[in-house]
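Visitor: Now for the letters of each chain:
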Amino acid sequence: MSKSLFDKVWDSHVVRKIEGGPDVFFIDRHFIHEVTSPVAFLGLKNRGLSVLYPERTFATADHNTPTINQHLPVEDPLSANQLKALEDNSNEYGISHWGLGHKKNGIVHVVGPENGITFPGATIVCGDSHTSTHGAFGAIAFGIGTSEVEMVLSTQCIMQPKPKKMRINVNGQLGKGVTPKDVALYIISKLTTSGATGYFVEYAGDVFENMTMEGRMTVCNLSIEMGARGGMIAPDETTFEYLKDKPLSPKGEAWDKAVAHWKTLKTEEGATFDKELTFSASDIEPMITYGTNPGMGIGISNNIPNADAVEGGVATYKKSLDYMGYEENDSMLGKKIDYVFLGSCTNGRIEDFRAFASIVKGKQKADHVTAWLVPGSHEVEDKIKEEGILDIITEAGFVLRQPGCSACLAMNDDKVPAGKYAVSTSNRNFEGRQGPGSRTLLASPLVAAAAAVTGVVTDPRDLL
Amino acid sequence: MAYDKFNTLTSTAVPLPLENVDTDQIIPARFLKATERKGFGDNLFRDWRYNADDTPKENFVLNNPVYSGKILVGGKNFGSGSSREHAAWAVYDYGFRCVVSSFFADIFKNNCLNIGVLPVQVSAEFSEQIFDAIYKDANTEIEVNLPEQTITIKSTGAQESFDINSYKKDNMLNGFDDIDYLQNIKGDIETFANGLML
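Keeping their order, the protein sequence lines are chains D and E.
Residue numbers 1 to 464, in the working numbering, belong to the letters of the first sequence in order.
Residue numbers 1001 to 1198, in the working numbering, belong to the letters of the second sequence in order.
Nothing false has been slipped in among the hints.
Listed below are several chain E residues computed to face chain D (Cβ distance under 8 angstroms; list not exhaustive):
#1 THR1035
#2 ASP1047
#3 LEU1182
Covered stretches of chain E (chain D as the covering partner; in silico rule of three or more C-beta atoms under 8 angstroms from a C-beta of chain D):
#4 1068–1078
#5 1166–1178
Label pairs and their computed distance ranges (CB to CB):
#6 E:ASP1054 x D:GLY101: 31 to 37 angstroms
#7 E:GLN1129 x D:LYS263: 52 to 58 angstroms
#8 D:ASP283 x E:ALA1124: 27 to 33 angstroms
#9 E:THR1055 x D:GLY362: 45 to 51 angstroms
#10 D:GLY20 x E:PRO1065: 39 to 45 angstroms
#11 E:ASN1139 x D:SER301: 48 to 54 angstroms
#12 D:LYS275 x E:GLU1141: 34 to 40 angstroms
#13 E:ASP1054 x D:ASN46: 29 to 35 angstroms
#14 E:GLN1129 x D:LYS275: 25 to 31 angstroms
#15 D:ASP206 x E:THR1150: 48 to 54 angstroms
#16 E:ASP1163 x D:ASP283: 34 to 40 angstroms
These are calculated hints, taken from the structure and not from any lab test.
Treat the numbers as computed from the prediction; the structure is a model and nothing was measured.
Using N, Cα and C, we set each Cβ at its ideal position, and we do this for glycine too.
Excised from the complex, chain D in its bound form:
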């Protein structure tokens, strides 16, 4: 029977099948961070267990870390405590640890690929739902809970039933100002936040084939926001080119052998999917969300839908608009905004900063807007400087911060105040996500840049 990419990777990692139960699923790469790992290590200690393969686990500090003055001790004692726990646990069990101040430190889903830890055909987990990012390389990557973090540490396996399969095809040419983020937000707006629950998604079609690795990572990153366990894209020359010579990528003969294997990781003709959807690239315009989940998005020139036109509960929909301070049928263009956040595991890569700079170059930041520009890693930060992007954004009145998750989930000091509006390139606009009472509009780096210079929601195509 013809196999899909997902089948090939999944089936090759099943240690044992349990009748009527989940598969014992082997994990090649495990990422840990300071928030979801301490209790897992505590569990190990309580049970008297060790870490089975410490060389397969990689620790980085990101969720809690400040984005200024990283050379100083972390002020919040609880955050400092978690960072210390990650360091201590990593040292105790022999796990490589990229803590605050380490030159490789950054957001887990940015530094993994940058260093060649992520590779095609791998199985990758992390106690973070956006682990789906790594699917961009043709890996099966998904978020897990802390109990599962403990499982992976102690046995390198989790117990997981094989998800159903969905293929999402997008074909055609993307229009001016339409980015991978818009493609993802468009798909989520069509599927809703539960439309892919129970499925693992393969993205196919020329839009993804023509996308850079950064773009593919953005799309796969957001798979979780449609409920999918993860998303993946078949590896190709773009993938191999990205991984070649990365610090932990295979070298020499091992590289050739790996690439030869990776080239076999494609969905075969005739492979079947439980669900298949096809969209046209020409239908997608720059997107923006207006509500309190990532599925509540529209093309930037459209109006907020009427409650009657929305699938699901009207009460929940109205509660959401009420929280945002918006009305049905409102236009999003021209809405005043207070904050702009460029960063996160969704859009904190070099390409996102290039896009942002392409809009703000030669312009000035709107006076009333607070902008947090946060690179995903030190490597991204270095490139921003090397490529002259720092000069462009500085001249436009912006300040570059230091790497971390930052305002995406506001566990550090980067919190949007109650009632204020933020255009965010991150992944979630849930109530209070960027600080209690904050109101988040998800968008691409281009839309964020346009808002940052005009102070209102603006179509970036007018500024390109």
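With chain D's structure known, arrange chain E on it following the hints.
Guide: Frame of chain D; chain E shown alone:
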């Protein structure tokens, strides 16, 4: 993390008929800074439950003394968003042993099963019947029978069966978890790992 065995639970229930309740609402990110698994129940639904000055919001169901019990009945797509297991811990720590919904987000459901909270997925119609029964009489008892895989509204006798993976069911009934199982097949795992290329 071994937990109490689950068999049959008969309890009144707390209704929360909202859709797409995400784990950021169940436990906001600022409460994830602990390094131990305790006390999360105090902050369950923190921002829906309390005002900024920590006074309780009267109109939120957990602050309404009329509703109590070990069963939380949520709306469709319950537990979406972040994979934080803290959300399931908060639900458990508050005193719930079972969450009922017409549709669960994947990771939240898995997390619940791993820590001893039973997620019971019912049809949209049955979910409506439960809400109706609770709103009619807050003392309505719901019986969740894990061995039989049934959920019953005691006042009306309405019953529906629910699915659960047989392996997970055994775990819940016996109060043991995946690590217990995996520890016993370490030899197989090591043989498998030795055959891998990278």
